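Sequence positions in the sequence shown follow the UniProt record's numbering and run 1 to 106.
No lab work stands behind these hints: they were computed from the structure. From a predicted model like this one, the values you see are computed outputs, not experimental measurements. Mixed in with the good hints there might be a few duds.
Keeping only pairs whose Cα atoms sit at most 20 Å apart, straight-line, the calculated EDC-like set for lysine to aspartate or glutamate is [to be verified]:
{"no.": "1", "residue 1": "K46", "residue 2": "E70"}
{"no.": "2", "residue 1": "K46", "residue 2": "E64"}
{"no.": "3", "residue 1": "K75", "residue 2": "E64"}
{"no.": "4", "residue 1": "K60", "residue 2": "D82"}
{"no.": "5", "residue 1": "K46", "residue 2": "E78"}
{"no.": "6", "residue 1": "K53", "residue 2": "E64"}
{"no.": "7", "residue 1": "K76", "residue 2": "D89"}
{"no.": "8", "residue 1": "K84", "residue 2": "E64"}
{"no.": "9", "residue 1": "K93", "residue 2": "D82"}
{"no.": "10", "residue 1": "K76", "residue 2": "E64"}
{"no.": "11", "residue 1": "K60", "residue 2": "E78"}
{"no.": "12", "residue 1": "K53", "residue 2": "E70"}
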Amino acid sequence: AILKLPIVVEAFKPHVGSSSTSIEQQLPVDVVVACSQQLEPKAANKCFICRMKVGLTGFKCRCENTFCGEYWYPKKHECSFDFKGVGCDAIAKANPIAKADKVERF
Numbered sequence: 001a002i003l004k005l006p007i008v009v010e011a012f013k014p015h016v017g018s019s020s021t022s023i024e025q026q027l028p029v030d031v032v033v034a035c036s037q038q039l040e041p042k043a044a045n046k047c048f049i050c051r052m053k054v055g056l057t058g059f060k061c062r063c064e065n066t067f068c069g070e071y072w073y074p075k076k077h078e079c080s081f082d083f084k085g086v087g088c089d090a091i092a093k094a095n096p097i098a099k100a101d102k103v104e105r106f
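Make a model of the complete structure from these sequences and hints.
Shown next as structure tokens:
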């Protein structure tokens with residue numbers, strides 16, 4: 001697992017004063033260390049339904065699950081992805097409705 005740690009550090013400005021009792025007081029407030037714990041997901045190598053090992057022959061469905069050769073059809077694994085809605089949206093974007101202005105007659 002790879003952790004991505006973006007680090008932003010501003011230049012250190014030493015505190016010029018008579019008392020230097022604590023190092024924490026001298027550190028700038030602008031030091032920011034952000035830790036995102038987004039791990040890369042493991043490649044699924046088992047069928048989501050029957051848990052059979054699929055290896056390289058697994059099929060990744062649009063519902064983001066991996067299936068074996070028996071369950072890879074959407075009807076077999078009761079897919080939650082809306083194929084009909086995506087198709088309608090694609091057709092609507094590809095073919096916009098063109099309406100012409102009315103023609104005024106004499």
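Here's how the hints hold up against the structure:
A distance of roughly 13 Å separates the Cα atoms of K46 and E70; the hinted pair therefore holds under the 20 Å criterion. With a CA separation close to 13 Å, the supplied pair K46 and E64 stays within the 20 Å bound. Restraint check: the Cα-Cα separation between K75 and E64 comes to about 15 Å, which is no more than 20 Å; the hinted pair holds. Distance check on the hinted pair: K60 and D82 sit about 16 Å apart at the alpha-carbon level, within 20 Å; holds.
Among the hinted pairs, K46 with E78 is consistent with the structure: their alpha-carbon atoms are about 17 Å apart, no more than 20 Å. Of the supplied pair hints, the one linking K53 and E64 holds, its CA atoms being roughly 17 Å apart against a limit of 20 Å. Only pairs whose Cα atoms come within 20 Å are accepted, and K76 paired with D89 is rejected, the gap being roughly 25 Å. At roughly 17 Å between alpha-carbon atoms, K84 and E64 fall within 20 Å of each other, so this suggested pair holds.
For the proposed pair K93 and D82, the alpha carbon gap of about 17 Å is at most 20 Å, so the pair holds. For the hint linking K76 to E64, the alpha-carbon distance of about 15 Å falls within 20 Å, and the restraint holds. Restraint check: the Cα-Cα separation between K60 and E78 comes to about 14 Å, which is no more than 20 Å; the hinted pair holds. The straight-line distance between the Cα atoms of K53 and E70 is roughly 12 Å, inside the 20 Å bound, and the hint therefore holds.
In summary, the one numbered hint that this structure violates is 7.
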